[in-house]
Amino acid sequence: MPLFAAKAAAARTLGSLSRRSGRGGGTTLPGRALLRLAPDAIERMAARLPDGVALVSATNGKTTTAALAAALIQPDLAVCRNAAGANLTSGVASALVSRPAAARLGLFEVDEFALPEVAARIGPRAVLLGNLFRDQLDRYGELELIARRWREMVDRLPVTTTLVLCADDPLVAALGEGRENVVYVGLDDPSVALAGLPHAADSITCRRCGAALVYDAVYLGHLGAWRCGDCGTGRPPLTVAATEIRPRGLAGSSLRLDGRPATLALPGIYNAYNAAGAYALAVALGVAPETAADRIGGFRAPFGRFERIAAGDREAVLLLIKNPAGANEALRTLAPQITGGVVLLVLNDRIADGRDVSWIWDVDFEDVLPAARHVVCSGTRAADIALRCRYADVEPARLEVVVDPAAAFDRALALAEAGGTAYVLPTYTAMLELQRTATARGLVRPYWEERAP
Amino acid sequence: MITIVPVYPSLLSIYADRGNVRVLVQRAAWRGIAVRVEPLGLGETLDPARADLILIGGGQDRDQLLVADALRTQTSQLRAAVDDGASILAVCGGFQLLGHRYRGHHGDEMLGTGLVDLETIAGDTRLIGNVLVDCGEGRTMVGFENHAGRTFLGSDTRPLGSVVAGAGNNGADGLEGCRAPGIIGTYVHGPLLPKNPWIADELLARAVARRGGGALAPLDDALELQAAAGAARIARAERR
Chain W
1 MPLFAAKAAA ARTLGSLSRR SGRGGGTTLP GRALLRLAPD AIERMAARLP DGVALVSATN
61 GKTTTAALAA ALIQPDLAVC RNAAGANLTS GVASALVSRP AAARLGLFEV DEFALPEVAA
121 RIGPRAVLLG NLFRDQLDRY GELELIARRW REMVDRLPVT TTLVLCADDP LVAALGEGRE
181 NVVYVGLDDP SVALAGLPHA ADSITCRRCG AALVYDAVYL GHLGAWRCGD CGTGRPPLTV
241 AATEIRPRGL AGSSLRLDGR PATLALPGIY NAYNAAGAYA LAVALGVAPE TAADRIGGFR
301 APFGRFERIA AGDREAVLLL IKNPAGANEA LRTLAPQITG GVVLLVLNDR IADGRDVSWI
361 WDVDFEDVLP AARHVVCSGT RAADIALRCR YADVEPARLE VVVDPAAAFD RALALAEAGG
421 TAYVLPTYTA MLELQRTATA RGLVRPYWEE RAP
Chain Y
1 MITIVPVYPS LLSIYADRGN VRVLVQRAAW RGIAVRVEPL GLGETLDPAR ADLILIGGGQ
61 DRDQLLVADA LRTQTSQLRA AVDDGASILA VCGGFQLLGH RYRGHHGDEM LGTGLVDLET
121 IAGDTRLIGN VLVDCGEGRT MVGFENHAGR TFLGSDTRPL GSVVAGAGNN GADGLEGCRA
181 PGIIGTYVHG PLLPKNPWIA DELLARAVAR RGGGALAPLD DALELQAAAG AARIARAERR
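Chains as they are written, first to last, in our numbering: chain W, 1 to 453; chain Y, 1 to 240.
Bound conformation, chain W alone:
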């Protein structure tokens, strides 16, 4: 056996041993082991995928977008993917080392900070860059630093690489300057525009001249139809536009992509962005546009991003929150249900959540939470989120702190009463804890859960 193949086989064995022993870690361990044995493993293995590799990154929505793009491509072309969350270099290496024999294309979601390294090693055929929001500044430094690293990365990409960029994000749109093969994706539907820029908005000055940006339509955070009032820079013309977006509450929405009708089973405007990005990437990778638009209807949310859990005669709806822009969108989606309803907020401050919890003060809880019948606060920072609710005008009598997430989950369901629903908004590690709780309680999930590939 050639030396490299032996190293790869050893790494694979390590991964399956780790999974079988129930210790977890199977999603990144083989990659970490392999990279130690053979530092150039990623380059070598990626080169063996006949249809190349596509990378997906963004602050919000990369897991959903990558999973959706895979669902649009998979029927035509066997895809090798990384597990949700295993999106650092080691996770990509793990996915490559355990790739299905038939895999022709690599499709990886990559952490914003790890992206330049992964891209430099792989020389991707396509890169989809979604939004850049303020997220976990304690871990990643400021937005500007990521934008600069992405700029340097783009400058070094092969000229043949196709860039699929969210044109509605000024920082991301600027990455297309001076490049060929750029697909600009955005929304074009004033009926779903916000009244103005929310407080949490980032990137509101012109990259070129520093003047304030003007928005003809704001769709989400700082995403929208933007232009500079001074120097004339503006959102590039859209290659793929999402239009006629008709939200249908938690059931999802219907929309047109590039003029083609599509139905989307995921709620919220942010998922319209995810769908438009996934569609554009699939088309750039060779899927017929009509086929791609059709296939969107069959897709369900990746595990943990949006879930409904039946618990006896009541239900829990879980929506992940991890930063102001995402949390505002979750609240906007749930607002009609939250009125008179029961809400459980679980705020953890572990490394994967971000140690700095100040972001909760940039979420517009004021707009929605005072109308809730009851708000339960939980997690390692339960008192912090409760305090935030107090200053958002949630009446003290309707507010309670239950630090332990499992106990808080039970309490929220009890408050929901027979036939009712608890709306649960956890941060990332809190979501994992709640899933373990739900599994331990033997609660069934009426909707399918996506397995890590």
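Simulated from the structure, these hints should not be mistaken for laboratory data.
Accuracy of the hints is not assured; some may be wrong.
Unchecked claim - Label-pair distances were calculated between CB atoms; the ranges are:
| # | chain 1 | residue 1 | chain 2 | residue 2 | range |
| --- | --- | --- | --- | --- | --- |
| 1 | W | Arg36 | Y | Ala172 | 28 to 38 Å |
| 2 | W | Pro158 | Y | Leu111 | 38 to 48 Å |
| 3 | Y | Gly107 | W | Ala335 | 49 to 59 Å |
| 4 | W | Arg308 | Y | Ala237 | 34 to 44 Å |
| 5 | Y | Gly136 | W | Gly442 | 50 to 60 Å |
| 6 | W | Gly298 | Y | Asp61 | 41 to 51 Å |
| 7 | Y | Asp156 | W | Ala212 | 33 to 43 Å |
Claimed, not checked - Simulated coverage check for chain Y against chain W, where a stretch passes if three residues somewhere in it have a Cβ under 8 Å from a Cβ of chain W:
| # | region |
| --- | --- |
| 8 | 4-15 |
| 9 | 21-34 |
| 10 | 182-192 |
| 11 | 213-226 |
Quantities reported herein were computed from a predicted structural model and do not represent experimental measurements.
The beta carbon of each residue, even a glycine, is placed where N, CA and C say it ideally should be.
Since chain W is already given, all that's left is putting chain Y on it; use the hints.
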């Protein structure tokens, strides 16, 4: 009626600084004190007679020069406001701009307002994490810090407190923030005021007194203190 003035909020609110505004507004409202919020935009001139509570937050690095240039044009107005009984709360980037200058890695200098005798030097690493500060008289301050600048106080400048856990002004001298008549500067966000309500009330009391009002009525701060105690525990546990 007291007037709160967030300075350049579109550029200076990276660490949820608007939470500080929210806390001041609510703690005034709960006591029946009339309050208005009048942000100062770029290019506008501060009215020293009108502004009671001036909040200067932190921004993205790339906006800092723009902010510094704008803020320096307001130095005399800021000074006049403070001399007339107003207060300034400056956090992170705002704290640095209270000083004389920020010295970069290559000898480059960005001038501040010089309202307080202090200066900041660029560091090689960011100082990031939970912070616990002893402010004397049985008072503590908790929050989160995230800054590359190392700030050093002039010999006659008082710190806001001494670091129990975390880095503080520069990670070396054990000091955190600064205090001058009518001025508080600090690296601590989180944001600062929700979990440190005594600072919010000190600022409000001065503003109310300036407008002829009396002492502040006490509030039930059980939740504030619970959150502060939790944050203090976390800061002690991760002592760097």
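Violations among the numbered hints:
Structure breaks no hint.
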